[in-house]
Amino acid sequence: MYYAQTRQHHNADSFHDLMKAFFRSYPEWNTMWTDEGPGKGMKVKVREKDVRVTLPFPGVSAKDFEVEVVGDMLSIRANRTREAADDTKQYLCRERSTESFQESVRLPVRVNGAETSAKYVDGVLTLLIPREGVEAKASKQIKVD
Amino acid sequence: MSEEMKKNEQFMEVLPAADIIDDEKSAIISLEVPGANAQTVTVEVKDQILSMEARSSLTWHGMQLLYKRSFQLSDAVDVENISAKTQDGVLTVTLPKSERAKVHRIQVQ
Chain A
95 MYYAQTRQHH
105 NADSFHDLMK
115 AFFRSYPEWN
125 TMWTDEGPGK
135 GMKVKVREKD
145 VRVTLPFPGV
155 SAKDFEVEVV
165 GDMLSIRANR
175 TREAADDTKQ
185 YLCRERSTES
195 FQESVRLPVR
205 VNGAETSAKY
215 VDGVLTLLIP
225 REGVEAKASK
235 QIKVD
Chain B
4 MSEEMKKNEQ
14 FMEVLPAADI
24 IDDEKSAIIS
34 LEVPGANAQT
44 VTVEVKDQIL
54 SMEARSSLTW
64 HGMQLLYKRS
74 FQLSDAVDVE
84 NISAKTQDGV
94 LTVTLPKSER
104 AKVHRIQVQ
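Chains as they are written, first to last, in our numbering: chain A, 95 to 239; chain B, 4 to 112.
Watch out, some of these pointers could steer you wrong.
DEER-style ranges, computed between Cβ atoms [what the hints assert, rightly or not]:
1. B/84 <-> A/141: 44 to 50 Å
2. B/90 <-> A/160: 19 to 25 Å
3. B/86 <-> A/220: 25 to 31 Å
To be clear, the hints were calculated from the coordinates, so they are not data collected in a lab.
Don't be surprised by glycine CBs; every beta carbon is placed ideally from N, CA and C.
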């Protein structure tokens, strides 16, 4: 058993984050701890041939992301670079987050990090990380003579 | 969005986070609608109420997300010239101020 090493900018010591860090290692358990509500937070889904990671992070561009896969460790950093200039404007209402995002998570399966594909469409970052060694497990029909 | 679609699919309604900026000539509302784009967004004004709906590609417990929010407009908004655009999961609606609501600086002699 191992603990996912999760780091976050805010509330890093809260009990919720501790539970989240633990349950991150077991995405198949589908627990409430890793679920930050609809349309929020990073979601890791282990599929048959790959691991699909989605992160809604609207209002930035592809170059604001730093994604790293080292072994089974996935690190995502998302920066909000344009927010500084907005401080001069007069806000009547300000609800959108100005925080950057950083999270590292240990993936529960072996992956081939070099083959990772990443795209940022409509404010959602989607990563597809192929699993390693799934071909060997694939069923093979053996002909009986 | 048509009523028919609502019946056929199961949606999870979500209140999107909004910023409202007061500019000299207009008010600008920006809403976070990740997973939605120009094809899945509707913006309409009826009886001085601005309603926005955005269907997202994101799901939550098997339900598709539907971002929905509305604002009551004052008559200081020039309703005829409201414009909207989506980019990178942010819906930006520009509400031009009516002539009456604009700041008129008067030169003192």
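Verification of the hints:
In this structure, residue 84 of chain B and residue 141 of chain A meet the distance hint of 44 to 50 Å, their C-beta atoms being roughly 47 Å apart. Taken as a hint, the range 19 to 25 Å holds for the pair residue 90 of chain B and residue 160 of chain A, whose Cβ atoms sit roughly 21 Å apart. Range check, residue 86 of chain B to residue 220 of chain A: about 29 Å between beta-carbon atoms, so the 25 to 31 Å window is met.
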